[in-house]
Amino acid sequence: MTDLNQLERDLLTQVEAAGDEAALETVRVSALGKKGSVSELLKTLGAMTPEERKARGPLINGLRDKVQGAITAKKDTLAEAALEARLSAERIDVTLPVPEAPESRGRVHPISQVIEELTAIFADMGFSVAEGPDIETDYLNFTALNFPEGHPAREMHDTFFLAPDEKGERKVLRTHTSPVQIRTMMSKAPPIRVIIPGRTYRHDSDQTHTPMFHQVEGLVIDKQANIAHLKWILEEFCKAFFEVEQVKMRFRPSFFPFTEPSAEVDIQCSRKGGEIRFGEGTDWLEILGCGMVHPNVLRNCGLDPDEYQGFAWGMGIDRIAMLKYGMPDLRPFFEADVRWLNHYGFRPLDIPSLVSGLTS
Amino acid sequence: MKFTLSWLKDHLETSASLDDIVETLTRIGLEVEGVEDKAKTLAPYKVAYVVSAEQHPNADRLRVCMVDTGEGAPIQVVCGAPNARTGMKSVFAPPGTYIPGKNITLGVGTIRGVESAGMLCSAAELEISDDHDGIIDLAADAPVGVPYAAYAGLDDPVIEINLTPNRPDCTSIHGIARDLAAAGLGTLKGDAVPTVAAKGSCPVSVTIEDEKLCPAFALRLVRGVKNGPSPEWMQRRLLSIGLRPINALVDITNYMTFDRGRPLHVFDARKVQGNLTVRRAKEGEEVLALDTRTYKLNPGVVVIADDNGVESIGGIMGGEHSGCNENTTDVLIESALWDPLNIAQTGRKLGIITDARYRFERGVDPAFTVPGLDLATTLVIDLCGGEASEPVVAGKVPEDKRVIEFPWSEVPRLSGLDVQPAESEQILKRLGFAIQGSGERVSVTAPSWRPDIEGKADLVEEVIRIAGVDRIEPKPLPRLEDTVAKPILTLIQKRTRLARRALAVRGLVEAVTWSFIARSEAELFGGGDGRLALANPIAAELSDMRPSLLPGLLKAAQRNADRGLSDVALFEVGQTFASDEPEGQSIKAAAVRRGSARAEGVGRHWDGGAQSVDAFDAKADVLALLAALGIPSGGLQIVAGGPAWFHPGRSGTLQFGPKNVVGAFGEVHPKVLKALDLKGPLVAFELNLGALVPPKAKPTKMKPKLNLPDFQPLTRDFAFVVGRDVAAGDIVKAAQGAERQLIVGVDVFDIYEGTGIDPDKKSVAIAVTLQPTEKTLTDVEIEAVSAKIVGEVSKKTGAVLRS
Chain A
1 MTDLNQLERD LLTQVEAAGD EAALETVRVS ALGKKGSVSE LLKTLGAMTP
51 EERKARGPLI NGLRDKVQGA ITAKKDTLAE AALEARLSAE RIDVTLPVPE
101 APESRGRVHP ISQVIEELTA IFADMGFSVA EGPDIETDYL NFTALNFPEG
151 HPAREMHDTF FLAPDEKGER KVLRTHTSPV QIRTMMSKAP PIRVIIPGRT
201 YRHDSDQTHT PMFHQVEGLV IDKQANIAHL KWILEEFCKA FFEVEQVKMR
251 FRPSFFPFTE PSAEVDIQCS RKGGEIRFGE GTDWLEILGC GMVHPNVLRN
301 CGLDPDEYQG FAWGMGIDRI AMLKYGMPDL RPFFEADVRW LNHYGFRPLD
351 IPSLVSGLTS
Chain B
1001 MKFTLSWLKD HLETSASLDD IVETLTRIGL EVEGVEDKAK TLAPYKVAYV
1051 VSAEQHPNAD RLRVCMVDTG EGAPIQVVCG APNARTGMKS VFAPPGTYIP
1101 GKNITLGVGT IRGVESAGML CSAAELEISD DHDGIIDLAA DAPVGVPYAA
1151 YAGLDDPVIE INLTPNRPDC TSIHGIARDL AAAGLGTLKG DAVPTVAAKG
1201 SCPVSVTIED EKLCPAFALR LVRGVKNGPS PEWMQRRLLS IGLRPINALV
1251 DITNYMTFDR GRPLHVFDAR KVQGNLTVRR AKEGEEVLAL DTRTYKLNPG
1301 VVVIADDNGV ESIGGIMGGE HSGCNENTTD VLIESALWDP LNIAQTGRKL
1351 GIITDARYRF ERGVDPAFTV PGLDLATTLV IDLCGGEASE PVVAGKVPED
1401 KRVIEFPWSE VPRLSGLDVQ PAESEQILKR LGFAIQGSGE RVSVTAPSWR
1451 PDIEGKADLV EEVIRIAGVD RIEPKPLPRL EDTVAKPILT LIQKRTRLAR
1501 RALAVRGLVE AVTWSFIARS EAELFGGGDG RLALANPIAA ELSDMRPSLL
1551 PGLLKAAQRN ADRGLSDVAL FEVGQTFASD EPEGQSIKAA AVRRGSARAE
1601 GVGRHWDGGA QSVDAFDAKA DVLALLAALG IPSGGLQIVA GGPAWFHPGR
1651 SGTLQFGPKN VVGAFGEVHP KVLKALDLKG PLVAFELNLG ALVPPKAKPT
1701 KMKPKLNLPD FQPLTRDFAF VVGRDVAAGD IVKAAQGAER QLIVGVDVFD
1751 IYEGTGIDPD KKSVAIAVTL QPTEKTLTDV EIEAVSAKIV GEVSKKTGAV
1801 LRS
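Each protein sequence line maps, in turn, to chains A and B. Residue numbers for the first sequence, in the numbering used here: 1 to 360. Residue numbers for the second sequence, in the numbering used here: 1001 to 1803.
Only chain A is shown next, with the shape it has when bound in the complex (with noise of 0.2 Å):
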């Protein structure tokens, strides 16, 4: 009986003694191996009386059975501490800078974000988007849009012209994006619904000009569309677009060539300090011209107009992002300086959608 309490007395301290893995196995094996003490115990078993196996081997079990328990132990307690031992040696410096990502760097120009945005709006008012040439004939440019042989209205644009051909016709970069009026009326039946965004150019350049800028125009041709419905898309409009819930517009009678009657629109803002604020304040801001397409306009495009009638309207895109997104000049558009479009510009998934808002 002693002889069993020592033995446990002394392999428990040599358990406890061992200091790595390795004396642990030797305390193991001197144990429980195939010769170990325990083991050599374990052998007697088989040819004791039935009584004393009765008595004595459940004690022999036991003292296997805590002999076994305290190297497993033992085992995981050396395997926490040389884990912990590794992980202490084991650092780095978490505030050395990782290379900025790809995506972080990346811009989106103001122009194209805005064009997605006018898009989105549109679309949902069940508008597709149009597009047509930049070189055009002068025929669509001008003519086609009632603008008179030498009247003073082609004078407003002061237009690019490319050198004549054969015939002596010369064409011209558009000056504005309403040639592709003409060419969706020219290819495709009403009901018309489009928008036009795209490049347009002036012989202008100054502080607030610049020769090459960006329009986009809208269309409506059916069988009713009529200046209601115009005041209507355009509050909408520029509602979702400044993201305001209230604006206030003027429609004062104007002129263009391509539509009677026409207007120009102002909107209601405030400005303080710089910043442009819509739906408040009294000072009002030139945004867009519109009317009801001409009469003449729709018969060069084949179109009867006591059957069909419609409206359209324009405007600058670059100046609308100019009053949206608050830079103060035009020129910086197309000067591609860094450190303007990584400023002004949109990171690469900034996508405007009407589901989750045009800007984050």
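No lab work stands behind these hints, which were simulated from the structure alone. Since this is a predicted model, take the numbers as computed values, not measurements. Hints may be right or wrong, so weigh each one.
[What the hints assert, rightly or not] Heads up, simulated DSSO-like pairs for lysine-lysine below, C-alpha to C-alpha not over 27 Å straight-line:
hint, chain 1, residue 1, chain 2, residue 2
1, B, 1349, A, 167
2, A, 188, B, 1494
3, A, 188, B, 1486
4, B, 1296, B, 1212
5, B, 1282, B, 1396
6, A, 223, B, 1456
7, B, 1212, A, 248
8, A, 223, B, 1475
[Stated by the list, open to error] Quick look at which bits of chain B chain A covers, simulated, 3 or more residues with Cβ under 8 Å:
hint, segment
9, 1068–1076
10, 1439–1446
11, 1496–1505
12, 1513–1521
[As the list claims (entries may be wrong)] Pulled from the structure, derived: some chain B residues nowhere near chain A, Cβ distances all over 12 Å:
hint, residue
13, 1104
14, 1209
15, 1390
16, 1473
17, 1533
18, 1607
19, 1608
20, 1669
21, 1680
Yeah, the Cβ is synthetic: ideal placement off N, Cα and C, and Gly gets one too.
Position chain B relative to chain A; hints supplied.
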């Protein structure tokens, strides 16, 4: 177009305030650009009497004045003006007044120990003239306490409107008054023109050679006039709108131009030799015009000539020779009609901008040709005396009968505003339209002064601009179909958008550069076609439509580098031009990377040095773009070499077969760098989005079935020694082709040249991935596949397995 309030009131009986008038003008389409109201800005300035002006005790140049302002006790003012003296009348400003000429607001001050409670002002301080020699010295009878602006007649507000080119009738103050009267702001006055007591016929006759260019020409002689300065009221009005008074006869023509929109010309009859002929100028003929410049004429210009030669450029500017001055005693007054188109062309060609041209090119009221002459004659006789002859009229004032059949329903149809016929009729009548008939449909005759009125839509505009566009209530535009909104973008529109996002995600920054570039740049990038050159470029370096996006981007990258930002990555998605036809325009995407602006990271990093961009960065960009666009890479070929603007050995062409080249990438050619004054390293790609094939139409959106093999894939590595010229792509292709069923991937993982390898050879190591589908491969089977791979690569490229 400028006019003053009092001038307007000559034509409009009204009790409306200035603010009402201004607001109404803008509302009815005569947009007010600005109002200059001196009565308002100069309100605090009053006429004052200098009771005494004595030497300042402490300053030689200053005087202490006691000033009677008409209210209360005299006020003490210290004044530095040399002309300040006892008993004079001048202009006083009390403390709190803003002095525009000095940009200060007055306070009560102490000047050299003497209190001063206001200021006596010079004309310059009020910004009414440049005179700052002394304080304003008024007449002895000037009424003390009266606002100076009113006393000096400066209280007539000047209104400037931004006139649209369709409204020649409102180049006249009378016409503006008519519009305001129609809008309910008062009653129009002055329609009747007095008859002229004429004696005898006009001794000078007029011949018109081409009545298309000059349909009518009325002329009359007034004998025995006395020409001198025009009366003060006329001078003041002309000055208010920015015209310089010359003499009464000339001022009358200018006055008529604004008052009635009727430009006239006056000849000194004694300087006119013989009769007048209206004809085309002869090539090279010259005239010294009233602006003292000599114009060289051509047959496009219509002139008025006498026996001396050209006396006047018709409808634009008179000649110096027969102009009127203070010695003029006999005057010929001309009132003519000119062809608007010819006037516009002549004015443009000669570069002359005059008030006459402005009106004639827009269209002057033909019916007012002779009445205008009568009105001018009356003014001449009133202001200069003299005796008028009968007028002589050459040509004929054209008949103008524009009758428009007008259903009243047209107004609500186009405007959405239910204006009642009675209101529409009243508006049109007030504007001078004549209406025949009654009921649903009437005949409307446009007035002679409204050449812009052509049809029904014009009448609708007239009605609603006067009725008020703000009365139209916005109304939702009904959807065309009661369905969920359908996708609207075309393929190229989708690809354009996607391209922008895909490139931006790679750290590239989107630029928008000019569509036009320098001719030399266009030529460097495969352009330079004369049909794409602008006839009138805004600058020499913006002369030709771009064949490629790269010149603009490369130069932009350099501009940024010049500012110290040397690692730039820019892209653009935009139009390029191969011809002047619509088909010649295509949308391309291009990017440039400079310095160390790589997608993985820019500049130096603690984990590794700054790595310069190379052609593979550009290749990675364009392949990422193609992948983002969903272009299947199967048929894509990458062929060594690219267009001339790329380094021939460090560029590649992207194509789907030799006939469908879609783009290129690589290092920019050193010659291009030199020509554009750029510093590398610069790499770029350009891809023609329009040349990419559309996706195959599929009946459903189902993706192909996913077959996941039950067996593990395995990889075998091979190192080949091949000639240095062999393309790695060919080795990969050969390996892939060895056993199509099993080989699912081939990657190049090492390239080695140097020790242990022949100088004209290189080692290319590839990893081949095999994917068994039926059963696990045995060693023997794997060996067989390996042998096949080696055999195929050797056969196609001459490679041997590296030992």
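Cross-check of the supplied hints:
Of the pairs offered as hints, the one joining residue 1349(B) and residue 167(A) holds, with about 23 Å between alpha carbons and a cut-off of 27 Å not exceeded. Restraint check: the Cα-Cα separation between residue 188(A) and residue 1494(B) comes to about 21 Å, which is no more than 27 Å; the hinted pair holds. Restraint check for residue 188(A) and residue 1486(B): satisfied, since their Cα atoms lie roughly 18 Å apart, inside the 27 Å limit. Annotation: proposed proximity of residue 1296(B) to residue 1212(B) holds, straight-line Cα distance about 23 Å (limit 27 Å).
Of the pairs offered as hints, the one joining residue 1282(B) and residue 1396(B) holds, with about 25 Å between alpha carbons and a cut-off of 27 Å not exceeded. Distance check on the hinted pair: residue 223(A) and residue 1456(B) sit about 16 Å apart at the alpha-carbon level, within 27 Å; holds. Between residue 1212(B) and residue 248(A) the CA atoms are separated by roughly 49 Å; this puts the pair beyond 27 Å, and the hint is violated. For the given pair, residue 223(A) sits about 15 Å from residue 1475(B) by alpha-carbon distance, which is consistent with the 27 Å threshold.
For a cut-off of 8 Å, the count of residues in the segment 1068–1076 of chain B with a CB near a CB of chain A stands at 0, and the three-residue condition is violated. Here the segment 1439–1446 of chain B counts 0 residues with a CB under 8 Å from a CB of chain A, which misses the bar of 3, and the coverage is violated. Interface restraint, the segment 1496–1505 of chain B with chain A: holds (6 residues with C-beta to C-beta distance below 8 Å; minimum three). For the segment 1513–1521 of chain B, the stated coverage by chain A is satisfied: 4 residues place a CB nearer than 8 Å to a CB of that chain, which reaches the threshold of 3.
Even its closest Cβ contact with chain A, about 25 Å, leaves residue 1104(B) beyond 12 Å, as expected for a residue assigned away from the interface. Distance check on residue 1209(B): its Cβ is at least 21 Å (rounded) from any Cβ of chain A, clearing the 12 Å threshold; non-interface status holds. For residue 1390(B), the condition that its CB be more than 12 Å from all CB atoms of chain A holds, with the nearest at approximately 36 Å. Residue-level check failed: residue 1473(B) sits 6 Å from the nearest beta carbon of chain A, not beyond 12 Å.
The non-interface label for residue 1533(B) is inconsistent with chain A: the shortest C-beta to C-beta separation is roughly 6 Å, within 12 Å. At roughly 8 Å, the least C-beta separation between residue 1607(B) and chain A is not larger than 12 Å, which violates its mark as non-interface. Here residue 1608(B) does not stay apart from chain A, with its beta-carbon only about 10 Å from theirs, under the 12 Å limit. The non-interface label for residue 1669(B) is consistent with chain A: the shortest C-beta to C-beta separation is roughly 22 Å, beyond 12 Å.
At roughly 18 Å from the closest C-beta of chain A, the C-beta of residue 1680(B) stays outside 12 Å, upholding its exclusion from the interface.
Of the numbered hints listed earlier, those contradicted by the structure are 7, 9, 10, 16, 17, 18, 19.
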